[in-house]
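Let chain A serve as the given structure and place chains B and C on it in line with the hints.
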Amino acid sequence: MKIITNVLRALALFATILFFNSGFAQTAEEGAQLFNANCTSCHAINEKVVGPALKDAHKRRDEKWLISWIKNSQKMVKAGDPIAVQIYKENNEALMTAFENLNDNQIKSVIAYIKAESEKPAAPATAASTGSSVSNEGASPVEVNANMRGKINWLLIIIAVLLFMVIALVLDILGLVGQIQGKPVINWNSINSKMALLFLIAGMGAVIWEFAAHTKLTVNSYDGASAHSNEYDSMFNITFYLTLVVFIITQILLFWYLFKYKHSKSRKALYFPDNHKLELIWTVIPAIVLTVLVIRGLKTWNDIMYHKDEKAQLIEVYGYQFGWNARYAGADNVLGKHDFREIGKVNALGVDPKDPKALDDVVTNELHLKVDQPVMLKFRAKDVIHSAYLPHFRVQMNVVPGLPTQFAFTPTITTADMRSKLNDPTFDYILLCNKICGGAHYRMKMKVIVHTAGDYEKWMSSQTQYVQNAAPVADTTSTQTQVRVPAKNNKILAIK
Amino acid sequence: MSKTHSHQDDHSHDAHHGHHQESFISKYVFSMDHKMIAKQFLITGIIMGTLGMAMSLIFRLQLAYPDMKFPFLESIIGHWGKDGKLDPNFYLALITIHGTIMVFYVLTAGLSGTFSNLLIPLQVGARDMASPFLNMLSYWFFFLSSCVLTFSLFVENGPASAGWTVYPPLSALPKAVPGSGDGMTLWLVAMILFIASALLGGINYITTVLNMRTKGMKMTRLPLTIWAFLITAVLGLLSFPVLLGGSLLLLMDRSFGTSFYLADIPADLAGGIERTGGSPILFQHLFWFLGHPEVYIILLPALGITSEVIATNSRKPIFGYRAMIGSILAIGFLSFIVWGHHMFLTGMNPFLGSVFMLGTLIIAVPSAVKTFNYLATLWKGNLQLTPAMLFAIGLVSFFISGGLTGIYLGNAALDINLHDTYFVVAHFHLVMGSAAIFGMMSGIYHWYSKLFGKMMNEGLGYIHFWLTFISAYCVFFPMHFMGLAGVPRRYYANTAYDQFNVFIDMNEFITIAALLGGFAQLIFLFNFFYSIFKGKRAPQNPWKSNTLEWTAPVKHLHGNWPGEIPHVYRWAYDYSKPGASDDFIPQNVPDPGQVDEMQEPDPAKFEPSRTSTPAAKQEVVLFAALKRLFGLARS
Amino acid sequence: MMTQSIKSAKSHQEPEYVINPKKFVLWLLIVASVMLFAGFTSAYIVRHGEGNWRVYELPQLFTTSTIIIALSSVFMQWAYMAAKKDELGQIKIALGITAALGICFGICQWLAYSQLVQNNVYFTGNPSESFVYIISFMHLMHMVGGVIFVLVTFIKSLRSKVHKKSLLTINLCNTYWHFLGILWIYLFVFFQLNR
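For the protein sequence lines, the chains are A, B and C, in the order given. For the first sequence, position 132 matches number 129 in this note's numbering, and the numbering has no gaps at all. For the second sequence, position 215 matches number 566 in this note's numbering, and the numbering has no gaps at all. For the third sequence, position 111 matches number 116 in this note's numbering, and the numbering has no gaps at all.
Hints were generated in silico from the structure; no laboratory data involved. No experiment lies behind these values; they were computed from the predicted model shown. Glycine is no exception: its CB is placed at the ideal position from the N, C-alpha and C atoms. Hints are not guaranteed to be accurate.
If you want a taste of the chain B side facing chain C, the calculated C-beta under 8 Å gives, among others [to be verified]: (1) Leu588; (2) Pro592; (3) Leu595; (4) Gly629.
Using 25 Å as the maximum straight-line C-alpha spacing, the simulated BS3-like pairs for lysine-lysine come out as follows [as the list claims (entries may be wrong)]: (5) A:Lys274 with A:Lys262; (6) C:Lys169 with B:Lys566; (7) B:Lys526 with A:Lys442; (8) C:Lys28 with B:Lys569; (9) B:Lys895 with A:Lys259; (10) C:Lys89 with C:Lys169.
Only chain A is shown next, with the shape it has when bound in the complex (with noise of 0.2 Å):
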């Protein structure tokens, strides 16, 4: 059976190959592009995300249909189309973002992605494709265990209740055969006690294993790739440490005294309610400790909130339902108007195509940073909160729909210095969704490249301007016109 499988594996891929060589490949790599940008954030090709699997989509429904629905789905559900209702229904009703955006000749090439996907033979990356066309074929082992968990479920339950009442039962006869004695069988006090010094060893053994097991996997244990990080890091430092030797000394005392002042009958409580000295010290010093990261605490937002610097890039983070844009100002470093009531009619970002200020602006799905220059990110959100979260920097704004936020700080190591630094050529700087947004809030991010100066200005050449002098502004009536953007990761804008 495998051999066949394997056989046929090599024979589909044999025929991609060629396939993609015979000029479709310029299509379907445009697709991935566009996929990547605009669908992982919902959808898969092997498996359900938020949105259904897209393996076999080109099968399943015809072209126009896709085109339609991906251009606006909820139309179609309104419109009555049974497949489209029945969609709807089987995804709970979440809602596909319309990709009114994007034109026929796009989405044909993201189908010809997702088709040549689909017949991909499963690599070893898609492993859960594997495991689903096994399950076919018999259901596979973890299933089996599930369904007979389910079943047992109840047997469960019962044997629980039953063996809680025979231990209780039994509790309860050691407890009267040691009145009896005049002796307690079971010594709990004594028990108690050795378990919480037990517990405190045991528990802050634990502590220093996992202070050792997993601090190095904390972004605080290499340097953060900002200006302020040294400051940011020193400050979480001296809090640290504070509240370190507290947690210690306090924890210690507590389970030592449960140890040693358990109960005895031989043995009287000291009386001792009150004493004005003792409560003075321990409400100074804790005092005078949080005054110190008071004063300290409010330098460092001070300084990495008020931060200013004129020679600042502008650059606005665009989030929406599921995604992130980056909007480079351009030259002249002013971004253009932007009106929400255009947004996915003028283009996808609402961009005043009228502005002047907008003709040099440029628009990415990735963002790319200058080392050592300072940027001020001004964030915007398309539909609900979002809060835009760049851990390796220490940066974090909420993106709220209506109310422009910012924050301003300057990247000082560059992606490949930080990929070397950390022995990790894969390693990639990442801005993600820090505030729940619905479904597929755990997909939306967006990498963040940090370049030398040079490779900066290379990449930002071989970008397109947004909305080109030559885009028809005149004739917003007119069909649609195309601004084509060649580069790799630029999003491809219609301009009606």
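For chains B and C alone, kept in the frame of chain A given last:
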């Protein structure tokens, strides 16, 4: 729900039924007796808590095994778990309802509702609440609210799924997430009913404490439980109406087309009407104006219970009684001016951020005082390690661990990288979740005999405590590291991020610990219900405690005491008093020669004599060193 | 049913209260209500400060209703004084007028809303518009409770149950009614000042 528990209560009281000529309904269902209402709150709270806990286990499974299929899910949650895969939208619904249930239904109503009702009249020496009728109404609003919330789980688009903080626009736009449809409307209705319940309850608690204390019960003689309940009720009275206002505005935005919280939302997203001019941040201000005091509404009763339990079981007076009251008052006051620390990164003016940061960090001072006072109470005590005592100690441990991370999050600068990460999840689950649950457990084990006239099984209690304690730390402590690595909360899976995928082992560990914790709660549930029927008969004062509730007969009476209400001659913490024959002196026992209830005992008489204290070498080294450092060898 | 047994239990010993618990409960309810409106008005101010705020004329009828509610407070006070002096006839008249004025106030508010709509001020418009509707409507809801309370007291007075030795009901009613009046005047001034 009501049927189940009233049925159970019925059996538990069969033995001493017939004392009052009341119908079943007036005794068990629409009861106006504060003790019965306390039981109703408790049992409803426990049922809701079981639901909330079960939800957390489902989403923990998802987090630990994002690629595995659990076919049993489909049989529980239907189309949301198709083929055994949890739907990402339903994941959000689960965390939302888990948070709502735990914060409001278990730790507000279940904790404060139960113990305020049970203890306020009994400990201040009153026949019942100031208005038994409003008290009954308070429970039934709560019950109705629980029903509405539970019902919302079954609506077609699923329950509310915008997080328990329900920030608009996500919660205002049905198109943004399925749960913002009918589920969200029901959530708001449930919340409005809940607020009505909390207000009616709170008003009653305040009136009773301030107005109906027995003779001699000065404010400075109140047990710390009562102080905590009083401040809690005041916080609720001042903050819940604001949430009510906020919820009403949200309801208007959702159902009537206004745009209080909606700005720049095009018509096609917002149900056909373009929404401009609102402010999404406004809701956050209104929400957190309640939300932050709410944290203390949850925590203060737990701390009050702990004070009482620790003092009783240490056989020592609570250390620094007045400082404890002062710190409760300080925490209560400060909790109103720090709500902005939940919003440092909303784009608020950095100066405002500074102000909120200042207030927030100041709260650490009264919290530290409380912690050290607990430690000082334990010091040289004679600790009876009852289950209630262990849970109270567990609370102190969590309060320290979780409180310390609050110093990071209250710092606006540090919040930049920690906001909404797992660090926050770890922080509030320790300081507010686990700590308050432990306070509630402590209260249940301590006052079970007052509630049901029976004793809970001690051994099972110990097993319950150690399993819960260990598993709670195993669940929440590792989360700090995930947070420091930048893992955001409310993520359905971390599979899309290479950097976060390293935590898959940790997630599995946490889930196993959570399952263990869940199992431990089954032991508790069993013990709780089993003891109602089969528990040992309770003696009148099983813990040899000083407070007034133990002077009331085990058998529940309307009006609490058969004869005259006992008068109070002393504070609640005369344990191990030198010269006394017993190691406790109940509040209603006068000193020799004391006739006037209001007269305070002569302090000179009770200065602890040097001979009765153990030798100095028994002191813990550090404690002694500290004292020597400040020249305090006096005592 | 239950009250019976409570009463019998209480008869052992009648506790002395600093303030009557019912009165205290009412005051606490008023505190809660104040917090609700404090929340609303602070939300109003916060939102007002953010700009994009439509300014428009408040309806004339709001002034009328303010006068009505102020008048009704006077009558309420009269009723209370009369009760203190045991003049049963006057209580009835004054309470009747108070209730009627309360109802007038409600009608007046309702008409004010239609006046607002005529001036193109809509509930679903700019938050400046929505706020006036929702805040005054919440006050109106409080008024409904108030009018019912006055009517209950009125009926009690018809049965001659309100007099010098039974002042509690009318005292509570009086307190609540003045609170409603002061609340509305505060809101009215607030709207005038923060436009």
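Structure-based check of each hint:
Look at B:Leu588: its Cβ gets to within about 6 Å of chain C, closer than 8 Å, so that hint holds up. The closest approach between the C-beta of B:Pro592 and any C-beta of chain C is roughly 4 Å, which is under the 8 Å cut-off, so the hint is satisfied. Taking 8 Å as the C-beta contact cut-off toward chain C, the hint placing B:Leu595 at the interface holds, the least distance being around 6 Å. Interface hint status for B:Gly629: upheld, as the beta-carbon distance to the closest one in chain C is roughly 6 Å, under 8 Å.
Among the hinted pairs, A:Lys274 with A:Lys262 is inconsistent with the structure: their alpha-carbon atoms are about 31 Å apart, more than 25 Å. Pair hint C:Lys169 plus B:Lys566 does not hold up; C-alpha atoms about 30 Å apart against a cutoff of 25 Å. Under the criterion of a C-alpha separation no larger than 25 Å, the hint pairing B:Lys526 with A:Lys442 is consistent with the structure, at around 21 Å. The straight-line distance between the Cα atoms of C:Lys28 and B:Lys569 is roughly 22 Å, inside the 25 Å bound, and the hint therefore holds.
Of the supplied pair hints, the one linking B:Lys895 and A:Lys259 holds, its CA atoms being roughly 17 Å apart against a limit of 25 Å. For the proposed pair C:Lys89 and C:Lys169, the alpha carbon gap of about 5 Å is at most 25 Å, so the pair holds.
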